[in-house]
Structures are given as structure tokens and as C-alpha cells.
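Take the sequences, apply the hints, and build the full model.
With our numbering applied, the sequence shown closes on residue 96, and no number is skipped along the way.
Calculated from the structure, these hints are not laboratory results. Ideal Cβ positions, reconstructed from N, Cα and C, are used throughout, including at glycine.
Straight-line Cα separation of at most 25 Å, SDA-like style, residue types lysine to any residue; simulated pairs:
#1 Lys5 x Glu57
#2 Lys5 x Phe45
#3 Lys37 x Phe54
Okay, the calculated beta carbon distance ranges per label pair:
#4 Ser46 x Asp73: 45 to 53 Å
#5 Lys72 x Gly13: 43 to 51 Å
#6 Leu22 x Glu67: 23 to 31 Å
#7 Ser71 x Ser46: 44 to 52 Å
#8 Glu67 x Tyr32: 22 to 30 Å
#9 Val24 x Gln44: 15 to 23 Å
#10 Ser14 x Asp42: 17 to 25 Å
#11 Arg8 x Arg47: 17 to 25 Å
#12 Val31 x Ser71: 34 to 42 Å
#13 Phe66 x Lys5: 13 to 21 Å
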Amino acid sequence: MNKLIREQRTGSPEALAERLGVSRRQLYVYLEYLKDMGLDIQFSRRLNSFVFACEKQVYIDWRFEVLTSKDAKEFVGGLATLSSYSYVNHYLPQ
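Written as C-alpha cells, this is what we have:
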């Protein structure tokens, strides 16, 4: 979704929701969550796309690590898992 908004090629709300595999209502829940985090996302009829209408955008970073049993226990507070992932959202000025 972030990439499509950044590239201004989301299509209509219905098309974006279908592409993401969610309902139109759930799409607006996600957009409202991003707005609550300080992003101004609007729909442009001229572009037929959602756009970032502010100088902020989302930067998403995923990191995967393979952990030893000992590291996993320390990382997740004692639960024995062998791998883990984390993500970080950052806001970057354009």
C-alpha cells in the first residue's frame, strides 16, 4: 500500500481494497490509522489514486534473524522460538 500511494497508482478505493485483499471499510480503517500517526493521505480524483498530501511518508524496514535457542529465550522473554522478525516504521521528510 505504501509503495502504491508513494507512486500515486492505487486506483480507486475499491480497486486498492481488492488488490490488498481487504474490504473497502477495512482499507479506510488502515488509512485512518496512518492519519492518526501524522500522515495526511487523501484521494485525488484527478490522479485516481491516494496520495501523501504532506511532507511525510512511511519508511518500512523488515529485518529477519535466525536466533539460537538461548538468544531467542532472551529476545522473547523465555519463549523458545528459533527465528524471529521485527519491523520498524520511520517517517522521512520528502
